[in-house]
Structure formats: C-alpha cells, structure tokens
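*Asks:* Below, each chain spelled out in residue letters.
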Amino acid sequence: MATKTILNKEHINKIELDQLDRKERYTLFGLTVPYLALVLGLIIIPIGWLFYMSFIGRDETLSLENYERIWNSKAYFRIFKTTFQISILTTLICVLLGYPLTYFMSQLSNRWANICLIGVLIPFWTSLLVRTYAWLVLLQKKGLINSLAIDWGLWSEPIKFVHNTSGTLIGMVHIMLPFLILPLYANMRTIDKDCLKAAANLGATPTRAFWTVFFPLSLPGLFAGLLIVFVLCLGFYVTPALLGGGKVIMAAMKISDNIELYFSWGAASALGVVLLVVTMIILFIASKLVSIDQLGNRS
Amino acid sequence: MSDALNISIENVTKTYGNFFALKDVSLEVNSGEFLTLLGPSGSGKTTLLMVLAGFTRPDYGSVKFGTEEVVLKPPHLRDIGMVFQNYALFPHMNVEQNVGYPQKLRGVSKKDIKDTVNEALKTVKLDGLGHRGVAELSGGQRQRVALARAIVFQPKILLMDEPLSALDKKLREEMQIELRQLHDSLNMTTVYVTHDQKEALTMSDRIAVINGGGLMQLGTPNEIYQNPNNAFIADFIGESSLLSVKVSKKNVYLGNVKILVDHSVKKDGDFLLVVRPEKLFLTNGKTDNCNTFTGTVIESIYQGESQLIMIKLDPNTHGDQILRMRIPNGTSSMEELPSLGASVTVGLKKSDSFLVE
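Chains A and B, in that order, give the protein sequences. Going by this note's numbering, the first sequence opens with residue 3, and the numbers climb by one from there. Going by this note's numbering, the second sequence opens with residue -7, and the numbers climb by one from there.
Bear in mind the hints are in silico, worked out from the structure with no lab data behind them. Be a bit skeptical, because a hint or two may be false.
Here are a few chain A residues that sit away from chain B, every Cβ distance over 10 Å (derived from the structure) [what the hints assert, rightly or not]: (1) ALA188; (2) CYS197; (3) THR214; (4) LEU219.
With the C-beta cut set under 7 Å, the calculated list includes, among others, these residues of chain B facing chain A [stated by the list, open to error]: (5) PHE76; (6) PHE82; (7) HIS84; (8) PRO94; (9) LEU97; (10) VAL100; (11) GLY261.
All residues carry an ideal CB built from backbone N, CA and C; glycine is no exception.
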C-alpha cells in the first residue's frame, strides 16, 4: 500500500536526481578514457598486427607457412620443451625457497617483517641486467665462488655453474622470487592469526594446524604468485640469454634470433602468437583449477 | 557425562617490559560455575583468559585444571573449548567441517563425527545449516557455529572472550540468556570475559572484577553491585553518583549535613558516598533511618523505561555536587515528576547508603 501511494505521487526532483546520476557515470567513464586509448594503441592494435604478420610468408603473401614450420620442426619443439622445462623448474624452486621464507615473514612483528620485505624488494628494484651480470661474475669458471672454493680446497676443478641450465635456473630463480613472495606475503598477512589459535585450542598440533588451516588459506596467494612467475618465465629473455650462454634456448630468444639474424618477422610473430596462446590456455586452465579447488573446499 | 573441572589460578604474573599485564592474580573457579572476568579494556582480563587457554605464558604462577598443573602444557593438549571474540571460524570450511574439526583431530569415526556435529548444531539451534559456507552466515549464526565448535567435544572447561561484542544490542541480550541456559545444561566450568558490566551481572554466578592487571573484587553479582569495595567498582558496575564526604570521629558529613551509613567507619578522612540512582525517592521531609538531600532539578530526561533526573545539591549545606536519580516509568511518581528548576528533597535509606575509599 505504502509503495503504491508513493508511486502515485508526483516525483519530486526525479529528473534532476537522474541527471546527477548520469553525470557521475559520464565522469567516471571519462576518467578511463586515457587508459582505454593507451590499451587500444599499445596492446590491441599491435597484437592484431602481430597476428596479421604471423600469416605473412617469405614471399609477402598470406600463408600458414610460419605455423607449419613451428608444427613440423623438431628444433621448435625442442625450444618449447626447454621453455616449459625451465619455467616449471624455476617456478618449483621459487615455491620451495619462497614459501617457507614468506611464512617466516608473515609470522614476524610488523617492524621486522617490513625490514625483511625491504630485503626482498631492494634486488627487485635493481636493474635486471646488473644483477644478471653480477651472477656471471660470481659463477663463471674463474669467478668469485669457484676461485674461493678452490683456494679453500672445497673442490679442485672449477665447477661449470653458468652457460648451461643451472646458470639459467640460478639467475631466473633469483629474478623471479619477489614475484612469488609479494602476492604470497600479502595473502598470508590477511590470514586471521586467531584461526591458528582456534585450531590449537581445538587440539591441533602446530604441524597439523599449519596443514589443515594455514596452508589451505594461503593457496590463493600461492597460486597468484606461482602464475605470475610461470608466465613471466615463459617469455623471459635477458637472463637465460646471458647465463645460458647460448646453450639454453627459450622461446623469447628464438623470436629475437628470427628478427635479428633472419629478418623473418613472420616467423617471429608466429612464435609470439603461439607463446601468447599457450600462456592464455594455461591461465585459463589454472583459473578453472583454482575455482574448482575452492568449490571443493566449500561443499 | 563427565564432571566439570574447577580451575585454580595462583600468583599468576605477566609483564611486558615494565608493564604489568597481570599482577599476582589468584583466583579459584568452582567446578560447574559461570565466572565472568569483568574489566575495562587493557585491564588484563583477556591476558588472564589467554593464560588459561595456553596462548600466553605467564612469567610465573600456577594454573590447575582440577588437580593437574597445566601452565607448562601447550594449548593443543589442554582440551578446553574456547569461543574467540571474532569467532575465528575457518573460512575454507563449511559449518559442518568447522564444527567437526576438533572431532576429526580426536580420531572420532566419521559416523560419530556426523552425529556429534548434528547434536552440537541442534544445541545452538543451527540444525540444517551444516552445508552453509561461513561467509553466508549472519553475525549471530557465526557466533553459534563458534560455540558449537567449542562444545562439540564436550570439554570440561569453556572459555569465552567477549563473544557477544560484535552483535547488536537486542541479539546480544537474547544471547546472554541463551548462553547462560546452555551453560546450565552442559555441565561445564565457564570463564567468560567481558567489559560490559550489565552482561556480567546478567550471566554470572560470580564476577571477578579486574583492573590494572589485578583482581579488585570477587563475588556474586549481588555482592558486587550492593557492596562494591572501592570507588572504581562502584563507578564501573551499574550507575552511581559518587559524593565526596568527610569522616571525622566516626561521623560522616556531606558538606555540613550528617549522613547515616549502613556500616561503621573505622578511620577518619575523605570518602565517597555511593548513591545508586534507582534507590533515591522523592520525599517531603525527614523520614526515620533515611538520609535526605535537597537541591534543584537541572535536567530531566525521558529514557523510555525510566526518567533520569539530575539534581544539583544545595551548595550551602551539601557542597557543590550533582546527584543522579532514576524514577521507573509507570510508578505513581511519574505523574508528579518535579519540573526543571524546581527544588526537591530526595531520600535514601540508611541501608542503601555506604562509603568507599
């Protein structure tokens, strides 16, 4: 009854109020215009162009030859295999090193946690190239580590740390760790400490409380960090190029070779497209897995 | 069902740097009792509860459950239920999994877990909501889940840390009664922490008033309300006006008016007369065994169930002090309420007059 009377009444100020609503919406939309323009100019158009280029063959006509070559060539298969191997290994090592560290940080008082966080961030803010070369200096045959170890008699022959897979992994793990730690840390800080107290109070040993309460609650942060690291690894260039010494060839390096050595923009574009598509498929599957996992916990 | 356990707390002290969170607290909680630790925030009441739960290690002192010393035991071996202030429900588990968690840890069979969980949910009136996610529950329902989780394994001791503070007033008052009834039906010793004096008076068998890390007074709600043993408690529990009085040669003077008190006063000096607003009555003149105060009405506020009247006492005879008086709604006095600015005489029985330091 009450609503009916209101509806039958004259709508005082209705037009003016609607106008205000609309004005606010337009203002909000206006704020996004610069960014949308940037996305269109720097992402959508170039990627469209990339797609187009990947279908241009040697004789400047439309063809599928770039993709056929990727599909048929064993070399390309090997490159993708290496790319995924290195990426998976790097991600795995990052998780094994990063998770315990982040857990430790999340249990510290704010002050000490911030100090640790700065320790994580400082290398993150330093130039990638500088850090990669620094590893080269440390790890090469006559580098700091080998010469010290030989002086101290730890081993007699220099160990080959760089210009191979181990060098690539060491460098990449070092570069990627903050990308795992930061989202994981943000997540772990939000886990209610009282939940762990409750678990203990209800009879859980510290280990049991960790695995049944803390770990499941940290999974969203872990997945976020893990995905960022993995995806960044897939397209990584500088570190594997320098520390792999040409022996570890990942997709990004092949793309660069195609352009710099063979001037084959079509082949490079096709490789880029394949990498992009594969990455998106992985992201899609991962998002499904994570949401299914969460559903499983709820039901 | 097993018997509830008594708790003996002896000389428990906890310092943080120079700050005494708990100062030599000794306290006996009888088996099956509902005891409330009442105090303002920062008083140490939560610290004491955390010592009982095992989350805070005291510097020294003893905590016994029954005859067993537990002060060195880690929390997960203490086998006591606890309801946390923010409930601390596990967000990745549904209601059933939350409540079943302690049972699962105890290696109870799947079927028994299901049965005990259902029974616990029924006890807290949440039957049928077992498959809900925690995020889908209202504040009151979460509170009930936390309670079910704390009682499902039939602990002999139940600790509660301000469990009702996040609920709105009406729900809180309902839950106070319900928690008390639950306690009576479950045969557990309950230690309940709150800063809400009315909640403490409503629910407790006994109240331990804590302030500044020390135990100020221990007694039944009636004892604490009627005979607070210092000014802090008189002020903190219930409503009261504290009037400065002087004692000389065993006589009590408010300004230059002699006051009758219920108990003898042994030493001279400055004291406070505790006046509960609801104990005052309007009167025309002197009555036997009563104190009378004269003054002017400076405020008269309608508060629903009662009328609050502020009386500025006659500065010539009583000294410059303000008295609060409450007249319950519906009593005959309501029709003859004094108007603003009117001078009134109010009486207070000798038996309701007492001093604190």
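*Asks:* For each hint, tell me whether it holds in the structure or not.
*Replies:* Status of the hints after comparison with the structure:
1. ALA188: holds, 16 Å
2. CYS197: violated, 5 Å
3. THR214: Contrary to the label, THR214 of chain A does not stay out of reach of chain B, its closest Cβ about 8 Å off (not over 10 Å).
4. LEU219: violated, 6 Å
5. PHE76: holds, 5 Å
6. PHE82: holds, 6 Å
7. HIS84: holds, 5 Å
8. PRO94: This hint holds: PRO94 of chain B lies near chain A, its Cβ roughly 4 Å from the closest one there, short of 7 Å.
9. LEU97: holds, 4 Å
10. VAL100: violated, 11 Å
11. GLY261: violated, 47 Å
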